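Asks: Chains as they are written, first to last, in the numbering used here: chain A, 477 to 664; chain B, 6 to 133.
Just so you know, these hints were derived from the structure itself, not from any lab. One or more hints might be untrue.
Interface residues of chain B toward chain A, partial, derived using beta-carbon atoms under 10 Å [stated by the list, open to error]:
id: 1; residue: Gly104
id: 2; residue: Arg106
id: 3; residue: Ser107
id: 4; residue: Pro108
id: 5; residue: Gly110
id: 6; residue: Lys111
id: 7; residue: Ile112
id: 8; residue: Glu113
id: 9; residue: Leu114
id: 10; residue: Ser115
id: 11; residue: Thr118
id: 12; residue: Gln119
id: 13; residue: Arg133
Since we're looking at a predicted model, the values are computed, not measured. Idealized CB from N, CA, C, for every residue including glycine.
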Amino acid sequence: MSRVYPEELAREFERPPFEFDDEAGREIAIRPSEGEAPNDEEENGGEKGNKEFEALVEMYVAFDPADRAQGIPPARESQVREWLGTILEGGCDVLAWYGGECVGHATLVPDGEDAYELAIFVLDEYQRAGIGSQLMEGLLGHGQAQSAERVWLTVERWNDVAMALYRKFGFETSDTESFELEMALRLQ
Amino acid sequence: MEVLLGVDGTDSSLRALEEVTERAARTGDALTVGIANDPDAGALGTGTDADDDLETQVREIADQVGMEVEVRRLGSDLGSELVEVAQTDDFDRLVVGGGERSPMGKIELSSDTQFVLLNAGTSVTLVR
Numbered sequence: 477m478s479r480v481y482p483e484e485l486a487r488e489f490e491r492p493p494f495e496f497d498d499e500a501g502r503e504i505a506i507r508p509s510e511g512e513a514p515n516d517e518e519e520n521g522g523e524k525g526n527k528e529f530e531a532l533v534e535m536y537v538a539f540d541p542a543d544r545a546q547g548i549p550p551a552r553e554s555q556v557r558e559w560l561g562t563i564l565e566g567g568c569d570v571l572a573w574y575g576g577e578c579v580g581h582a583t584l585v586p587d588g589e590d591a592y593e594l595a596i597f598v599l600d601e602y603q604r605a606g607i608g609s610q611l612m613e614g615l616l617g618h619g620q621a622q623s624a625e626r627v628w629l630t631v632e633r634w635n636d637v638a639m640a641l642y643r644k645f646g647f648e649t650s651d652t653e654s655f656e657l658e659m660a661l662r663l664q
Numbered sequence: 006m007e008v009l010l011g012v013d014g015t016d017s018s019l020r021a022l023e024e025v026t027e028r029a030a031r032t033g034d035a036l037t038v039g040i041a042n043d044p045d046a047g048a049l050g051t052g053t054d055a056d057d058d059l060e061t062q063v064r065e066i067a068d069q070v071g072m073e074v075e076v077r078r079l080g081s082d083l084g085s086e087l088v089e090v091a092q093t094d095d096f097d098r099l100v101v102g103g104g105e106r107s108p109m110g111k112i113e114l115s116s117d118t119q120f121v122l123l124n125a126g127t128s129v130t131l132v133r
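This is chain A alone, in the form it adopts within the complex (with noise of 0.2 Å):
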């Protein structure tokens, strides 16, 4: 894989929990993941990652058909669930809560070979309201805090409102040669 990292170290990141009013006025909290998929259930003590992972379900079942990116999340609730429960086994995600409510979802994804595949989700009416910088702040801080210490993404060309949010936070060009455009971030 010819991926190239950028020279210099990312930015100190803020860790979560922490909390802000969006700029809307909501009072949002961001915070990481506590639970795994219903499985885990026992092992973790239940029901807080269980109320947890109903609340993600829930999310993506409600998001809006057209801020899907290469295919995910997928469009049916079962396919969510399967999704939900290979990704969130990595261990990296930090959620956005409006009260009871989860409206974004970031996580980082090992892939494999030392690095992480990041994504990050806002439900469609949180959106323009400056969530998903704190989401990427969280996610970055938490990466940091788990010694994650290269993460990468791919973004669809045309989204110029995604490339911009990720630039903002020190990612660079490492493959223009592909259908998406990767980019990539040295954490640590």
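Got chain A; can you put chain B on it based on the hints?
Replies: Chain B only, in chain A's frame:
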């Protein structure tokens, strides 16, 4: 219908092969499989041995549904060769795999697939 399927040895291309042979066995479509090495599919290696392996694999999958397929060995630049062959030999349909999944589950289209989608003069089916 004359169908040309591109197989580069990746999982998605082999899944496409399974689906297309099953369909062709029912509809009576004539199926030609263009194969090339996928330099990223490490286990297959490079060179003639790997081509033989892939050809054997293709024939085995076709055998499962009793399909006779014509296998054509195309060069390593599979995308452009598929487009070329589909046009010069008057195929009705070009079929390619629907892309591999990243660790996150994102679909990633190979550069060959991208080339086929943008340049084919034939209708293209992407198998999911």
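Asks: Decide, hint by hint, whether the structure agrees.
Replies: Now the hints, each set against the structure:
1. Gly104: Glycine 104(B) check passes; min Cβ-Cβ to chain A is 8 Å, inside 10 Å.
2. Arg106: 8 Å, holds
3. Ser107: Since chain A brings a Cβ to about 6 Å from serine 107(B), closer than 10 Å, the hint holds.
4. Pro108: 5 Å, holds
5. Gly110: Check passed: Cβ of glycine 110(B) comes within 5 Å of chain A, closer than 10 Å.
6. Lys111: 4 Å, holds
7. Ile112: 4 Å, holds
8. Glu113: At about 7 Å, which falls below the 10 Å cut-off, the nearest Cβ of chain A leaves the hint on glutamate 113(B) intact, so it holds.
9. Leu114: 4 Å, holds
10. Ser115: With Cβ-Cβ at 8 Å, under 10 Å, it holds.
11. Thr118: With Cβ-Cβ at 8 Å, under 10 Å, it holds.
12. Gln119: Constraint on glutamine 119(B) satisfied, holds at 5 Å.
13. Arg133: 9 Å, holds
The structure fails none of the hints (numbered hints given earlier).
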